[in-house]
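Novice: Here the protein sequences come in this chain order: S and Z.
According to the working numbering, the stretch in the first sequence is residues -19 to 99, in order.
According to the working numbering, the stretch in the second sequence is residues 881 to 1206, in order.
Quick caveat, the hints were computed from the structure, so don't treat them as lab data.
Incorrect hints may appear among the rest.
[Said to hold, decoys possible] To give an idea of the chain S side of the interface with chain Z (calculated C-beta under 7 Å), a few residues:
{"#": "1", "residue": "T2"}
{"#": "2", "residue": "Y23"}
{"#": "3", "residue": "L43"}
{"#": "4", "residue": "L58"}
{"#": "5", "residue": "A62"}
Since we're looking at a predicted model, the values are computed, not measured.
For every residue, glycine included, the Cβ atom is placed at its ideal position computed from N, Cα and C.
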Amino acid sequence: MAADYAYVGLFLLVGILFVVFTIEVLSRLLRPSRPNPEKLSTYECGERPIGGSWIQFHVRYYLYALVYIVFAVETVFLFPWAVAFHRLGFFAFIEMMIFIAILLVGLAYAWKKGALEWV
Amino acid sequence: MFEFIIIMLVKIAVVFGALLLTVAYLTWLERKVIGDIQVRLGPMRVGYHGLLQPIADGLKLLFKEDIIPAEADRTVYLLAPLVAIIPALISFAVIPFGSQVKILGRTIDLYITDVNIGILFIFAVASLGVYGIVLAGWSSNNKYSLLGAMRSSAQMISYELSMGLSIVGVLMMAQSLSLVQIVKAQSVVWFILLQPVGFLIYLICAVAETNRAPFDLPEAETELVAGFHVEYSSMKFALFFLAEYANIVTVSALATTLFLGGWQGPLLPPVAWFLLKVFAFIFLFVWLRATLPRFRYDQLMGFGWKVLLPVSLANILVTGLIMAWR
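Throw the hints in and build the complete structure from the sequences for me.
Specialist: Encoded structure:
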């Protein structure tokens, strides 16, 4: 069981080594490096950049993130339920439908309040 | 034990090499197919019918200067391509290419490993990919990058939900999270026939998750230049490019495994069937890009939340009712 994940780890290691090797060894040996202030300036279609871009984001992104978290947790609950569905019988099905219905009320509320509208 | 480790290392090397080669030649395939659709020839100069084009492109990127903008957050900027490409690559550790073959009297499994929560692993890893995009966009300190990254993250979390819900029906029928078991559960009938709605939702979400046309708003060339990787050059740019195409291969392989019976099929060897199905999906991706115009952002978000999410929940309800009935 743990061995199965060891192979995943090994695969991960090969991946990291490949990426680090190409960027830090192979490409570093081959590529030129002649920086100058103009070259290193931020790209803004040829103009000098006006202000930075580390600013506050619009609140609508957070609304989506909040609704997402509700349903992401739901999906995680649904996976084991789906796998064991055959053994659980009809009662578990009703239970899960009630659970989904409660979350759907949340979605309906967000929908009604306009949280899903992109304005 | 020693022999076992050698087999494992060879398997990892083969899968990794095959994946990188597929991804490289995917760029060639895409340019060729789109060329054909637009009545052009596509790449023709480098090698026979442009067959060496991906290698020429790769070499060119290796020789390019690596520019790190003075305004950027250096650490995060350097880390972002790594965070983008690694999840795209390691999903392949659990995807089964075939059942078993006998080579030199030894039985070898045609997958790197069969973890019993394979599908959950792929979803977990795939959702890490969005971090690479957000970190890249934010650390560049460029307005286009930031906009691209924000759009991308909102889009990816929206469609990830429906994607996760669309496969619940498959899990209910297969009764397992292991990809090998899911393929074996389809030996009689493929799940695409039992779960047509789930398949359609999965397909739409897969296109959106990989940021491909018609959902390619994060890198909408006409307004955001290139989206989150505007400031990246040289091999770092190449890694983002590789990650995007590796993700296409991953979602295609997953669609094959979940809905099209994986490696199973008559006459041809299992691996051939697997590759055939995966390339059919990849071709579909390219075809979509050549055919459909881009969505508007409010349409995209509205479609994800108001259509796909309720439909995928209804799909679970109907599947559950039918299965409980019998």
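Novice: Tell me the hint numbers this structure goes against, listed in increasing order.
Specialist: 3
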